[in-house]
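Read top to bottom, the protein sequences are chains A and B.
So that you can map any letter, position 8 of the first sequence is 7 in numbering that gives the first Met the number 0, and since no number is skipped, the others follow by simple counting.
So that you can map any letter, position 73 of the second sequence is 72 in numbering that gives the first Met the number 0, and since no number is skipped, the others follow by simple counting.
Mixed in with the good hints, there may be bad ones.
Listed next, the stretches of chain A that the computed footprint assigns to chain B, with coverage defined by at least 3 CB atoms under 8 Å from CB atoms of chain B [said to hold, decoys possible]:
| no. | stretch |
| --- | --- |
| 1 | 22 to 30 |
| 2 | 50 to 56 |
| 3 | 73 to 81 |
| 4 | 145 to 158 |
If you are wondering where the hints come from, they were derived from the structure by calculation, not from laboratory data.
Note that the Cβ used here is the ideal one computed from N, Cα and C, for glycine as well.
Okay, here's what each chain looks like letter by letter:
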Amino acid sequence: MIETVITVLGWEDRFPLGMEIILSKYKVKRIVLISFIDYCSMDKMEDNKKNLLENCAMEKIEVVEVNLEYSNSINNWKCLDQFFEKETENIEYLLNITTIPRETIWALLFFLRQKNSHINYIYFKPETYCDGWLTKNYKNPRLLFKHSGVFELDKKLALFIITGFDDSRLDSLIEYYEPSKIVVFSQRGNQFHNMDRNKYIKKSNSFESEIVEFDSYDVEEATKILNDTIIKYGDSNIIISSQGPKLSSLSTYKNHLLHDSIAFAYVPAQDFNLEYSKGINPDYIDGKLEI
Amino acid sequence: MENPFVFDRPNNINISEFIQFYIKENIYTRFLESTRNILLIGVRGSGKTSTLRYYSFPVQFANSEVEDKYSVIGIHIPSKHAIFGKREYLLYENQNKQSVVIEHFLCINIISCICETFISTPGSLDLTSDIEKKILKNLSFILESDFPTENSLFESIKLFVNKEANSSQRKLNNDDFESFIDFSFSFNNTIIPFLEQLKNIPNLENSHFSLFFDDIQDLGKIHQEIINSWISYRDNKLFSFKIATADIKPSFITSTGGVILEGHDFVKIDLTKRLYNKESEFSKFARDVIAKRLMIAKIDVSVEEFLPESESFRKGLDDGKLKARKLAAIKYPDPKGTQINDYVAKYGRAIYFRERNPKANLPIYSGFETLVDISTGVIRNLLTPAFFMYEKQLSNTNGIFVREIPSDVQKEIILNRSETFWEKIKDIDSEIENCPEELGKKINNFFNQLMIYLKKRLKNETISEPRALNFIISQIANEEEQIQIDEIINTSLKSTLLYKRMVGHKATGVKLPLYVPNRMMLPLHGLDSHGQYSHFPITGRAFLEAALQNKEIPFFADEDEATNQLELIF
C-alpha cells in the first residue's frame with residue numbers, strides 16, 4: 000500500500016507514461032506534485048500537469064502541489080523543510096525519481112529520513128535519449144546543504160564522478176574543484192549507445208584518475224562498489240557528483256549514511272533539451288531503500 | 000627524463016625545486032616584503048601563486064639568498080579548499096549569522112596555514128619546551144580550550160583546529176545548526192591573540208606576519224567582504240594582507256557596507272602590466288624562464304638553439320623585409336632619417352604574411368620569439384606549448400635526450416594548441432558559468448569576424464599598422480549598447496580569450512580599456528602572432544553588429560590614425 004507518491008512534473012514522455020503505470024500498479028491516496036516554476040513554460044509541461052490533475056480528480060486522489068524554483072536552491076531547501084515539518088511520520092512514500100533533479104532527490108531523502116526509516120522508489124528509463132546535447136549552460140558546481148561533508152584541512156581532494164552523457168558538465172566540476180585525484184564511475188554495458196557516448200573515459204587519460212566500472216541500475220551493487228572505493232580513498236576528502244542514471248543518487252545517498260564525511264556536489268544546468276528523451280521503457284526499476 | 004617545462008600548480012612542487020625554478024622579479028620585492036596591505040591582480044597563469052609562494056616563510060627560510068628570514072613572516076593561505084564551498088550559512092536568515100560562520104572557517108584556515116608554515120620548516124624557530132608550554136597555556140586560557148600536550152607546539156594547535164573544523168562542520172550539517180553561533184572564531188578573538196602569542200618565540204619577537212590570501216576570486220561574496228574588513232584595519236604593525244586575485248573587477252566592499260580604498264587601505268599591483276610593455280619586459284622574463292629550465296634539465300644549449308626558427312619561415316620574413324625595403328626606396332626616393340627602416344619594420348612581416356599563396360600550408364610558426372608572441376605575455380601560455388613540444392620530441396626520439404625542438408614539431412604543437420583554443424571558443428557556453436548559448440554565439444561571431452578583419456588589415460597596403468592586433472571600442476552610443484558590449488567583453492576576459500589593460504589619450508588624459516586578443520587564436524588563421532605595438536578602434540555599433548549579426552567589421556583607416564594618439568598607463 001502506497002500512501003503518497005512524490006514526483007516532479009516533467010516534460011518528457013516518461014513522466015505521464017510513468018505516472019500512468021504508477022497509478023495502475025499502486026493504490027495511491029495522495030500525490031505530492033513538485034513543479035519547478037521556472038521550467039513550467041517548457042512545451043508539454045502544462046498538458047502533462049493538466050492530464051495528471053484530471054486523472055487524479057477522477058480517481059479521487061489528493062494532489063498537493065509544491066512549487067520550487069530550480070534557480071533558487073536556498074528557498075527550495077527551506078520550502079521542503081517547511082513542507083516535511085507538517086508531514087506525519089511513518090507514511091508509506093513512493094519516490095518517483097525519474098524526473099527529479101539529483102540535488103532534489105538527495106534533499107527529499109534527507110527530509111524523508113526524518114519521517115520514515117525507508118522509502119519506496121521507482122525509476123522509468125526512456126525508450127531513447129536524443130542524439131544531441133541533453134543539458135547545457137552550466138552554473139558553477141555547488142555542495143548540497145547538510146551534505147557538504149566534513150573536510151579535513153590537511154587532506155587532498157578526490158573527486159568521484161558518476162558519469163553521464165554530458166562531458167562538459169564533468170569538465171566544469173573538474174575545473175571548479177581542481178581535485179588531486181579523479182575517480183570516474185562509468186556505466187557498464189552498451190545501453191543507449193553508452194560506450195560511444197561516454198567519451199569522458201577516453202579524455203580522462205590526461206588526469207590522474209581511476210576508472211571504476213559499475214551498474215547504476217543495480218542500486219545494491221553500485222552502493223557496495225562506491226563504499227569500497229570511498230574506503231580506498233579514506234586519506235582524501237571526497238566530493239561525489241552523480242551525473243549518471245538517477246538511480247545512482249540512491250546509491251550515493253546510501254553511502255552518505257555510511258560515511259557522513261563525503262560531500263555531494265551538483266552542477267546546475269540552465270538549458271534542458273526539449274527532446275531530452277523519447278518514450279518509456281515499460282521495464283521500470285523499483286525497490287525499497289533503508290534510510 | 001622529466002619534462003623541464005612542466006607547469007604544475009606551484010603549490011605542488013617541493014621547496015628546493017621551486018627555488019630553482021622561480022625567477023625573482025625585483026619590482027615586486029619592495030611591495031611583497033613590505034608591511035602594507037597589497038592587492039595583487041593577475042590573469043590566470045600570470046604567476047600570482049608562484050609570487051606569493053616565493054615570499055612565504057618556508058621558501059624564504061630555505062632560500063640561501065635571503066638574509067633576514069624573520070622580519071616578515073609570509074603565510075601562504077590558498078582559498079581553493081573544499082571547506083569554502085560549504086553553503087549551509089546561506090540557510091541563516093540573519094546576515095550577521097552568515098558572516099559569523101564564514102569568518103569562523105576563514106580563521107580556522109588561517110590558523111591551520113600558520114601551523115603548516117612552521118611545521119614545514121622544522122628547526123626554523125629554535126623552540127624550547129618552556130616557550131611551547133607558555134604559549135599553549137596562554138592559548139588554552141584565551142580560547143577556553145584544552146590543547147593536546149604530547150605534541151610539538153604547532154602540531155598541538157593544528158590538532159586543536161582540526162578538531163574545531165570537524166565539530167563545526169558537523170554542527171552545520173546537523174540539527175544543532177543554531178548552536179554553531181554560540182562559539183565561533185573571529186579575527187579579533189582568535190587570529191590576533193594567536194599572532195601575539197607567537198611573539199613570545201624569540202626568533203619572532205620582532206616579526207611582522209604577512210597573510211597571503213591566494214586566488215580569492217574562488218571565495219564567495221561574503222568571504223571577500225570579511226577579508227576586506229580585515230584589510231581596513233589601520234594598524235599594520237603585527238600583520239598585513241597580501242591578496243591575490245584573478246578577478247577582473249574585484250570587490251572592495253567590507254562586511255559593514257563600507258569600502259576599502261586604493262592608496263589608503265591597500266596598494267594595488269597589476270601583474271599583467273608588464274606583459275604588454277613597449278620594451279617587451281616579458282620577452283626578457285620569458286627568456287630567463289626557458290633558459291633556467293634548460294639549465295636545470297642540463298640541456299646545455301641557448302634558448303634559440305633549443306627553439307630554432309624554421310629556415311623557410313626566416314627566409315620568408317627576410318624576403319618580406321627585402322621587398323619592403325624596395326618599396327620604401329620607391330616611396331622615399333630622398334629618404335630622411337629612419338624613414339626606410341621604419342617602413343621595413345612596419346611592413347616587412349606583413350608583406351610575407353599577405354603574399355603567401357593562399358593554397359600553401361600555414362607558416363612554420365617556430366622560434367623562441369614566436370613562442371613568446373603566442374603566450375600573449377602569460378607565463379602559463381608560454382610553458383604549456385613548450386611542455387607539449389618537449390613531450391612530442393621525446394616521443395619522436397624514443398626517449399633520447401632532447402637538445403632541440405625541430406621547427407616542424409614546434410609548428411605542429413602551436414597549430415594543435417591553436418585548434419584546441421578555437422574549440423574552447425566554440426564551446427564557450429559550456430566553459431563559463433552563466434554563459435547562455437546566445438552569448439556564446441555572439442562571442443564566436445565576434446572572434447570569427449575579428450580574424451577576418453585582421454586578415455583584411457594585413458592585406459591592406461595603405462594603412463600604417465597592418466599587423467596591429469589590439470583594439471579599443473569607440474563611439475559607444477548609449478548605456479544599452481554599453482551593457483551589451485560589456486556582457487561579451489567580460490565573458491571573453493573571464494575565459495582569457497581577451498586580456499585588458501588601460502590606456503590614456505595623450506592629449507586629454509582620458510582613460511579607456513585596450514583589449515588584447517589571446518594570440519593563440521592567430522596561427523590557425525595564418526595570421527602573424529608577432530603583432531605591432533599599436534591598436535585600432537572598433538565602433539560600438541560595428542562590435543555589436545559583428546557579434547549579434549555576424550557582420551564584417553568595417554575599416555576606419557582615418558580613425559586608426561586619430562586613436563593611435565594613446566599611451567599605455569603604467
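Structure-based check of all given hints:
1. 22 to 30: violated (count 0)
2. 50 to 56: Our answer is that it is violated, as 0 residues pass the Cβ test (under 8 Å) against chain B, missing three.
3. 73 to 81: Held - the stretch 73 to 81 of chain A has 3 residues with a Cβ nearer than 8 Å to chain B, which meets the minimum of three.
4. 145 to 158: Satisfied; 10 residues make the cut.
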